[in-house]
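S.K.: Using the sequences and the accompanying hints, generate a full structural model.
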Amino acid sequence: MATPIQMPSLSPTMKEGKIVKWLKKVGDKISSGDAIAEVETDKSNLEVEAYDDGFLLQISVPEGEVATVGAPIGYLGAKGEKVSGGQPAAAAPAKTEAPKPEAPKAAAPSAPKTEATAASGGGEGLAILMPSLSPTMKEGKIIKWLKKEGDKVSSGDAIAEVETDKSNLEVEAYDDGTLARIVVGEGDLATVGAPIAYLTPKGAKAGASAPAAAPSAPKAAAPQAPAAAAPSAPAGAQVVPLRREAAPASGGGGRLRASPLAKKMAQERGLDLAQVRGSGPLGRVVKRDVEQALGQGLAKAPAQQAAPTAKKAGAQPEARAFGTRPEPQAVPMSSMRKVIGQRMAEVKPGVPHFYLTVEVEMEAAVKIREEAKALDVKVSVNDIIVKAAAIALRRSPKMNVSLQGDQVLHYGTVDVGIAVAIEDGLITPVIRDADLKGLQTISAESRDMAERARKRALKPAEYTGGSLTVSNLGMYGIDQFIAVINPPQSAILAVGAVAEKAVARDGQVVVRKVMTVTLSGDHRVIDGATGAEYLRELKGLLEHPTRLLF
Amino acid sequence: MPELMYREALNQALAEEMERDANVFLIGEEVGRYNGAFKVSQGLLDKFGSARIIDAPISELGFTGLSVGAAAVGLRPVVEMMTWNFAILAMDQIVNNAAKLRHMSGGQLRCPIVFRGPGGAGGRLSSQHSQSLEANYAHFPGLKVIAPATPADAKGMLKSAIRDENPVIMFEGERLYALKGEVPEGEHIVPLGVADVKREGTDVTLITWSRMYYFCMEAAEALAKEGISVEVLDLRTLRPLDEEAILKSVRKTNRAVICEEGWALAGIGASVVDLIQSQAFDELDAPVVRVTGLDVNMSYAANLENATQPDAPKIIAAIKKVLYREGA
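These protein sequence lines map, in sequence, to chains A and B.
As numbered in this note's numbering, residues 1015 to 1564 make up the first sequence, in order.
As numbered in this note's numbering, residues 1359 to 1686 make up the second sequence, in order.
Please keep in mind that the hints were generated in silico from the structure rather than gathered at the bench.
Here are the computed lysine-lysine pairs in the DSS-like style, where the Cα-Cα straight-line distance is at most 25 Å:
{"hint": "1", "chain 1": "B", "residue 1": "K1606", "chain 2": "A", "residue 2": "K1277"}
{"hint": "2", "chain 1": "A", "residue 1": "K1473", "chain 2": "B", "residue 2": "K1610"}
{"hint": "3", "chain 1": "B", "residue 1": "K1610", "chain 2": "A", "residue 2": "K1277"}
{"hint": "4", "chain 1": "A", "residue 1": "K1451", "chain 2": "A", "residue 2": "K1553"}
{"hint": "5", "chain 1": "B", "residue 1": "K1610", "chain 2": "A", "residue 2": "K1451"}
{"hint": "6", "chain 1": "A", "residue 1": "K1277", "chain 2": "B", "residue 2": "K1678"}
{"hint": "7", "chain 1": "B", "residue 1": "K1678", "chain 2": "A", "residue 2": "K1278"}
{"hint": "8", "chain 1": "B", "residue 1": "K1606", "chain 2": "A", "residue 2": "K1451"}
{"hint": "9", "chain 1": "A", "residue 1": "K1527", "chain 2": "A", "residue 2": "K1381"}
{"hint": "10", "chain 1": "A", "residue 1": "K1277", "chain 2": "B", "residue 2": "K1679"}
{"hint": "11", "chain 1": "B", "residue 1": "K1610", "chain 2": "A", "residue 2": "K1278"}
{"hint": "12", "chain 1": "B", "residue 1": "K1606", "chain 2": "A", "residue 2": "K1278"}
{"hint": "13", "chain 1": "B", "residue 1": "K1679", "chain 2": "A", "residue 2": "K1278"}
{"hint": "14", "chain 1": "A", "residue 1": "K1093", "chain 2": "A", "residue 2": "K1155"}
{"hint": "15", "chain 1": "A", "residue 1": "K1352", "chain 2": "A", "residue 2": "K1035"}
{"hint": "16", "chain 1": "B", "residue 1": "K1678", "chain 2": "A", "residue 2": "K1152"}
{"hint": "17", "chain 1": "A", "residue 1": "K1152", "chain 2": "B", "residue 2": "K1679"}
M.R.: Take a look at the structure:
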């Protein structure tokens, strides 16, 4: 039975992913764990792994196209097997290619293109799948059906008894409805993930889901019913089990099983545990599974794939024919651009900002950099600012917070984000325990993470968490600016250039190296006075850096 | 550093402390003329005389009570129990007097006393003489309970115990006395209440004490060959528990296995599990697993005796279980 390969959720904010490249082709043999495609998310380029063994039967989302999280991007199954009714390219709501004047081929290749809803359910027949009931279980034998066709079934009802490699267990229904058809008889085997029966959900028309009543002709796919689009398949196709792929970790019980540590790690790093396959008993998600899921963040060679169109668009035409005026070129938004746009649009009305600005004399801080240079140690002014921002946070625990739901998280660690501009966007890798690290370490980590950010090779764990980000536009000669908070963080420091200015000191006009810093604070959790105290501490640390030592 | 047997290390500690403080004396069955049932007090009678190395009759309750009284009026007795199985007779004096004098007198009386002797299985001694009773004593406020595994710790902790102002229960082991290890000469003090990471590791914390320590090291050694890095934490003191050391290690490895020779129910390991689950729940990647003596009375038959006790293969299986490795 063909199994869909779904677009996984590879970052906390990912809603859709673009297939950069297929690493396998139709007909290739796949083993569980194989990287099968490279996907561009809003944050980085990652690989999608197969969870099952089999052959790649079909690629539903071609390279360059976008699929929403959870939508099938391809199908896996036995060699030579036909994907029953699987409609290619059912996934992409975002139209892909730039509208090129000569190409009215924007219309889907063959069959009428359908909307994403086709993939995410909404049909009438629900497949009941053979669950994974032990870590090593590959298939299960139906010992006994506890319900028969036509029986009413409630969510949680045991419907069949299954013999696994370890023991005999019961399979439960996840939905209310009527058992429409049993496809694996007593005494027969089914591989994990294969349908063993179909359920007509409560309220749905009976029969609609029964395989016998499968739409047999393309016309059954009524245009006004996009939800039913998936079965609009070649005639003679079997019914398409509109799969409700159980979250891998939910094993047999419908409940997500994960170790406390795995839950904590997932929460800290913004990973959706439901997307993680558990390798522990009964599918429990454990540390190594989370690490593996996070570790998939190692894109191999994303550079040339990252935003080729953007590059082209940005480049100056080398030679322009005299008298011609090229038309503006429409370039689709990259996944990252889309998320930045969406998030910023949410943040400004959603997070009440307040702003505090202070001028900082930077003579002493600049001297540190010079002294470091004399010692052949690379330290930038920004590294000193990060360190000072961290120490100030440590000393202002009221600032080291984050609003999460209706709870205020008070961090016990000081993690400082640094905004890194990359092609077509920005990302904020986080320096962990920045208050405890020396300037040299901060400097090395910043450079390493900025470098990898540009290659889109950061792991999700490296750009989540923390309460404050340092955003520095000083290198562009900006004197001062106001930054937008990067939630769930609660503050951001907008750092301007260090420039010589005439300032009044003790009644005299003198020239000093001055930098302007503006703090944006989330007024829901931080008040002006708190922010002001923080800035005073920061200013003091930067003007008298020996205080960093205490 | 000289290599000494566990019994020699204890002997050294006793001699050094008796030389240092004239109030220290040793009392027990066969400690004098016979030089100790397990030769811990070898030579001490000759050195310190019969006023300070006292051969007691076979009357555990009697000489224990006498010693508790001596401690209350200013001496520092070391009471040797031939084995802790016999000391059950003296438990009333230990629990109702030694552990409570200070509290019930509002601090007017002190009870600086050490009760020491072998615990655990000795080898074909059957059920009455093979018990690990440390959990019983660890239950009582007012007592400190120690169970060093190595000769160096035995010396350093006995010296600390003798200098402590409170009653200290010390579990040695018949199968430990002849084991050898490096022991620092002279003033070697190991503080009570401090656990010791005997082997650093990153994958799992293996918590133990006393003789089981050696099985744990054997298991850790074997697992290292499979690429599993085991941290062996020797508790050394069972009351008060070094909670910080336990939590620190578990927070590092995210997994714990506890190995104890005694029975599971109400064992020390049960309290360690309670500590871990209440203080480090979110750090755990797997339920804590305990390896304990089986819940039966000890058999005389050698094969059954071995089957009853923890050993390296049982510890290895437990570690694989918390690591979700196959074959567990």
